Amino acid sequence: MTNCPECDEPVAAEDRFCEGCGRNLLVRTTPVGGPDGTAAALCSCGSAEIDEDGFCEQCGRAQPVGRDRMEFVLPTVAGISDRGRRRARNEDSMAFGHVHGRGVAAIVCDGVASSERADEASQAAVDAANTVLVDALVEGTDPERATVLAVAAANRAAGALARAEAPDVAPSCTYVSAMRTDDGAVVGWVGDSRAYWLADVGNATPSRRLTKDDTWAAQLVADGVLTEAEAVNDRRSHVLSRWLGGDSGQVSPHVVTLRPEETGLVLLCSDGLWNYLPEVEDLDAARTRGTTPVELARELTEHALAAGGHDNITVVVIEVGVGRGR
Amino acid sequence: MAAEFAVEVFQNEYLTDGAREVDAIVTVAASGIPAGGVAAEDVAQVLVVDCSGSMRYPPTKLAAAKHATTTAIDALRDGVSFAVVEGTESARMIYPTHRGLAVASPRTKIEAKRVVRDLVADGGTAMGRWLALADQVLARHQGPLKHAILLTDGQNQHETPAQLSRTLASIGGRFTCDCRGVGTDWQVGELRKIAEAMLGTVDIVADPLGLAEDFRAMTATAMGKAVGGVSLRLWTPEGASVRFLKQVSPTVLDLTGRRAEAGPRTGDYPTGAWGEESRDYHLCVRVRPAGVGDRMLAGRVSLVAPGGGVLGQGRVLAVWTADEELSTRINREVAHYTGQAELAEVIQDGLEARKAGDVETATAKLGRAVALAASSGNTGTAELLAKVVEVDDPVTGTVRLRPQVADADEMTLDTRSTVTKRVGKGG
Ligand SMILES: [Zn+2]
Ligand SMILES: [Zn+2]
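Taken in sequence, the protein lines are chains A and B. Numbering-wise, the working numbering puts 100 at position 100 of the first sequence, and it's gapless, one number per residue. Numbering-wise, the working numbering puts 408 at position 82 of the second sequence, and it's gapless, one number per residue.
Here chain A stands alone, though its shape is the one from the complex (with noise of 0.2 Å):
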C-alpha cells in the first residue's frame, strides 16, 4: 500500500488511477517540455530566502531558473540537468518514464551549440523519445526495435524544428537511452553522449562503459588512424559524426543490451559530465557507494561544477537488476 503522489490518497500497487484525483498511477513521466527550474529550498549559502527574481535575500547568488538546473524524480530513476558555469544557457535536456511494474525509460540529448535553437532541439528528441518508449513499456514492445523507433521520433521531432532557409544550422542534438525492462537494459546512442554501467562492489558484472562515441576522433582510433591517447587530444575528439535533427538524414541508433547478474546502475550523461570524468575507473572513483539515484546525479553534477563546469551537465541515474515490480 502506497499513497497517491498527487493528493495522498492511499492505492493498491495494482491500482492504475487514483481513486480521488484520478491521476493515472502506472505511467509517471517527467513533463513534457522537461521538468520545472528546481525551486531549491534553500541557497547554497543555507539560506532559505530567494526574493520573486530568484536571488539569494543573504548572498545574493542567483538561483537556477528554467533550464538552468533540472532535476527530477521517480521511483528507481532520476536526473539533474544544469547548465553548467561557461555556457550561457542550457542546450542539454532529459527525460524519463516510470512504467508501474514495468520498468524504466531514459533519455539525454545534448544540444549541438552550432546549431541555432539547440535547446529546443534536445527537449522536442528526449519529449518524442520519451513517448516512443514509455509506450514500448506499457505495451511490452521489444525494447531494441522501441529504441531504434524512439530514435527515428526524436529525429523527426528535432528535424521538425528546422528552417528551410538555414539548413546548415538546423537544429541538432546527440541521443543516448536506456530502456529497463525486468531482462535488463537496452541503450542506443547518436553521437558522443554516453551510458555506464556502474556495478556494485564485488558485482560479477563490473563496472563499463556502454556506448562508444560517435565523433571523428573516435571513429579515427576505430579505423586505426589515431590510438586513444591521441585522440584525447585531438581537437576533432568533439566532432560529431552523427547526430539527430534536420541535416542528419536517416539516423538508427547503436544499440547495446545488457543483461547483468547482478544490481547496479545505468548512468546516461552528456560531455558536460564525462569530459570530467572519462573513464568508468573515474566515475566509480569520484562516486558514493549506497546512495539513490538523485543523490549520486547530484554528486557528479556538483563533480563536474567544482571542476569548472565547461559545458552543460546532464546526468540520469537508473537502478537495474532490482528485482519485479518496481
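Worth double-checking, as some hints may not be accurate.
Said to hold, decoys possible - Residues from chain B shown here face chain A by an in silico Cβ test under 7 Å; the list is partial:
(1) P563
(2) E564
(3) V568
(4) G617
(5) V618
(6) G619
(7) R621
By construction, these hints were calculated from the structure, which means they are not laboratory data. Owing to the predicted nature of the structure, the values given are computational and were not obtained by experimental measurement. The beta carbon of each residue, even a glycine, is placed where N, CA and C say it ideally should be.
Position chain B with the ligands relative to chain A; hints supplied.
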C-alpha cells in the same frame, strides 16, 4: 496621480575571475508629479536672512537681501506654511514672532514683508544656530515637504567648525536647505558643507541684484516638490561592502557616510525631496567573488518613501566570466561620471593649491580639470575654468594660471565645480 520613481541601472555586470568590485550608475527619474506640486498645506518654508554687520556694506547688499526675501514671500502659494528667521550671532524669529509657522495668505504675506523691510544689519554670524532654529520651527510642520533658504554674506565667525558640524549631524536630513552666498566674503567650503548635509544646493550670487530672481526660483522649485524625505535604500549581499554611493547628477554629492542601517545588509541614504526630476547615482560595491559562470545580485536599490513604501527599484548584478572581451568593457555611464567626480575634485584641489601659492600643483590640477571638462563636453565648467586659467591646449590640459583672477570668478568655479554634465544628453 501619485509620483512614480523609475530606476534604471547602467553597468557592465561582467567581472573577470576573482574580481570583486562592481560599479553601476543608477538613474532615478520621478514622474507623475501633479502640476504645481503637492497641496499647499504639505509645504513649509523658512527663510533665513543674514543680518550680521557686514550686510551693511555696500548698502545695496542688505537692500537686495530684503528685496529677495520679499520676492520669495510673494512667490509662496497661499496655504503654504512659512517663517522668516533673522541670523546674527544668535537666531531670532521675526515672522511669526513665536517659534512656529504662519500660513501664507494675502494678509500674512503683507505682514511678513513689512517686518522684513524693517530689518537692520547688526551682529555676528553663527549659521549653526540659525539652522537649529529653522529646524525647531519646521518640526512643527506636519506635512512632508520642509525647505529652508539660507542667505549669508560672511564667514561663520561666532561658532567653531566643530559646533556647526555637530548641529548639522543632528538636523541633517530633517529638511532641505539651499544656501546662497552673496558677495565674495563668504567661504565656499562652509556653505558647501551645510548644503551637502541638508541635501540642498549652494551657489554664489556675486551681484546682489540677482538675488530676488534666485529666491523666487528656489521657492518655486521647493513648491514643485511632491515627495519629501525620500531615502535610497541599498541592499548588498552578505560579505559585501559599499565602497561609495554618490549622487553624480545634477551635482556630485557623496552620500557614503550618510548611511543609516535599515535591516540586515540594508542601509538607507537620504535623498531629500523630489519633484519632476531625474538624478544619477554612482554606486561601487565590493562583493565576495564567486566562481566563473555565477550570477550574483550585487545590490538592490530602492527609493523608499518616509512611510517605508517602495517607490521604485533597480538591480545591480555581477556575473563572473572567463570571456575577457566582456569583462574588460567599460560602461559608458560609469566612465563618464567617474570623470565628472574627478573633475569636481581636481577643481577644488587646484583652487586650494592656488590659494596656498603652490603654482605647480594648481597648474597640474586645473590643467587636468580643463582636459576632463573638454573631453566630457562640460562646457559650463570649461567656461568657468577659462576665467581662472589661460588654456593653451584643452585636449592635453596645458594651462597657465592667470595672474589676476576676480574673487567672484574663482568662487563661482569653486561653488559650481560639483555641477556635472549629464551623460549622453545636452547641457
Ligand atoms: Zn490522487
Ligand atoms: Zn545564498
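Hint check:
no. : hint : verdict
1   : P563 : holds (3 Å)
2   : E564 : holds (5 Å)
3   : V568 : violated (13 Å)
4   : G617 : holds (6 Å)
5   : V618 : holds (5 Å)
6   : G619 : holds (3 Å)
7   : R621 : holds (4 Å)
Hint compliance for this structure: hint 3 is the single one not met.
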